[in-house]
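K.L.:
Per our numbering, residue 1 is the first one in the sequence shown, and the count goes up by one each step.
These aren't lab readings, by the way, just hints derived from the structure by calculation.
A couple of the hints might just be wrong.
List time: in silico DSS-like cross-link candidates among lysine-lysine, alpha-carbon distance up to 25 Å [claimed, not checked]:
(1) K152 / K172
(2) K283 / K231
(3) K152 / K185
(4) K186 / K231
(5) K283 / K396
(6) K136 / K152
(7) K377 / K469
(8) K172 / K142
(9) K181 / K152
(10) K185 / K172
(11) K172 / K136
(12) K152 / K186
(13) K172 / K186
(14) K377 / K136
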Amino acid sequence: MAGNQIIPSRHSWLDMTLAIIVGALIGAFLLRYNQASSVQEDEALRQAVHRRDAVAQAIEKIKAELAMEGVRQREEIHNLSVSLGGSWQPADVRARITNSKIEPEIEHRNLIGNIGSVARKLSRWSDFPCTLRDLKVARVTKTCEIACREFKCERAQRLCDRLVECDAVLVKPSSDEIDIKDAQKKQVDLSSVNARLVRDVAQAKTLDASLQALSSSRWWQSRALQNQVYKPRTYVVISYGGCGSKMLAGWLSSLEAQSAVKRPSRKQQPITKKSATFPKYVKRVYHLHDAHPPLTLRELPPPRAPPTNQKDFRARRFPGGGHFRSDTPLIPESSLDDYRLLFIFKDPVEALVSRYGYGHCLHLGGNCGTNERTFPKLDAYARRGIDNMNILSFFKNYVTPNPNRSFPIILLNYHKLWDNLDALMAALGLPPQLASTFPQRTETVRNDLTAQAEGNQAHSEATRQYLDKIYDPIIQRIRDLPAVTVV
Numbered sequence: 001m002a003g004n005q006i007i008p009s010r011h012s013w014l015d016m017t018l019a020i021i022v023g024a025l026i027g028a029f030l031l032r033y034n035q036a037s038s039v040q041e042d043e044a045l046r047q048a049v050h051r052r053d054a055v056a057q058a059i060e061k062i063k064a065e066l067a068m069e070g071v072r073q074r075e076e077i078h079n080l081s082v083s084l085g086g087s088w089q090p091a092d093v094r095a096r097i098t099n100s101k102i103e104p105e106i107e108h109r110n111l112i113g114n115i116g117s118v119a120r121k122l123s124r125w126s127d128f129p130c131t132l133r134d135l136k137v138a139r140v141t142k143t144c145e146i147a148c149r150e151f152k153c154e155r156a157q158r159l160c161d162r163l164v165e166c167d168a169v170l171v172k173p174s175s176d177e178i179d180i181k182d183a184q185k186k187q188v189d190l191s192s193v194n195a196r197l198v199r200d201v202a203q204a205k206t207l208d209a210s211l212q213a214l215s216s217s218r219w220w221q222s223r224a225l226q227n228q229v230y231k232p233r234t235y236v237v238i239s240y241g242g243c244g245s246k247m248l249a250g251w252l253s254s255l256e257a258q259s260a261v262k263r264p265s266r267k268q269q270p271i272t273k274k275s276a277t278f279p280k281y282v283k284r285v286y287h288l289h290d291a292h293p294p295l296t297l298r299e300l301p302p303p304r305a306p307p308t309n310q311k312d313f314r315a316r317r318f319p320g321g322g323h324f325r326s327d328t329p330l331i332p333e334s335s336l337d338d339y340r341l342l343f344i345f346k347d348p349v350e351a352l353v354s355r356y357g358y359g360h361c362l363h364l365g366g367n368c369g370t371n372e373r374t375f376p377k378l379d380a381y382a383r384r385g386i387d388n389m390n391i392l393s394f395f396k397n398y399v400t401p402n403p404n405r406s407f408p409i410i411l412l413n414y415h416k417l418w419d420n421l422d423a424l425m426a427a428l429g430l431p432p433q434l435a436s437t438f439p440q441r442t443e444t445v446r447n448d449l450t451a452q453a454e455g456n457q458a459h460s461e462a463t464r465q466y467l468d469k470i471y472d473p474i475i476q477r478i479r480d481l482p483a484v485t486v487v
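Starting from the given sequences, assemble the full structure and let the hints guide the process.
P.N.:
Quick look at the structure:
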């Protein structure tokens, strides 16, 4: 039987071993293939989830932009109505405007969920216009809305900290508007909402104390500064440009053009609102960019007349660029009260974004180079880091008291004027009721979006950051100065 056993040959063993190895390799390949397919499926799933989230974020962004566009349209309707004297404004539009963000004060009582228990009362907040509002075109605005773009909306908070007027940032992650600090404490996602930068009107009024500052001045109620005597005066408006000086000079010139009205006798009919005009409180108005206030005041030649009579004093061309005279007769001390010298100033960064150029540099007595062709654009000027426009010394020359000066200079802080119009009227020697005729504050939007659209980097936030480094020495001083001061 042993002789009949079949003994595998060496070749059979080799074939069997080879078959086992091939089978193992095929199994390993199939296993790796299945694993790779699983990884690809997982990656495809992750990409699908990512695309879904991206679409959801895009939808939220579109919703936010549509909401913001609605506010813009309502504001445009409001501005059009104002420009037409209120003659065109349907009742339903008027109601929407009343409830929109451009209303000066908005009170919110029902706040979101648990945040409502710690949120501050919002009735004291009031809008103010800012040039950095997120609009794509350079147009006039009365409010300051900023797209958050970040989870905690740090960008809006940074801009608020930079602006003189800003006291708080309000956001609307749900149906109600809340303080950004309360939203950040609760880890509310703010990346797809807009923030509204606002002022605390009550606090600003309390802390300013312009009337007290006026009464404590050595000039107050002196022969050179009688605030309770109403008479035609000559007003000299001085600034380094972009500070609202044209607006102020234009408003004063409008008072100059109005005729006097006598009080009616007992037999006469009382003056109605339609027929009444203000007395003539203004004799002449000058608009200067002189960086060197003199120690004595001399007569000025008659000013050039404004070439236009636009009601919008911001857009109105008003003669400027003049300087004080040294070759005309001195104004006697007894006549100094017939004059008011007004130095109006503003954050120099925003002032330069508004007003910059070779001719303006010459008016300020700056280091302007040899000709206009070599004069740098604002973004290049900012990167150089040197105050060639001479604004630092211009500001210092006016705000620093000089005991040798024989006349007072009234300092006007542009950022705080609208909260202290009573102090402004007192310093100008005008009746308090004229405050109601003072122009509303507006700003023209200049930001990254307009810079991109116009190809003008002068408007960008990067340019502002470079300018901040140049003018930081006086920015804090501007924050601290009251609305109205006399030096």
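K.L.:
Output the indices of the hints that this structure fails to meet, ascending.
P.N.:
4 and 5
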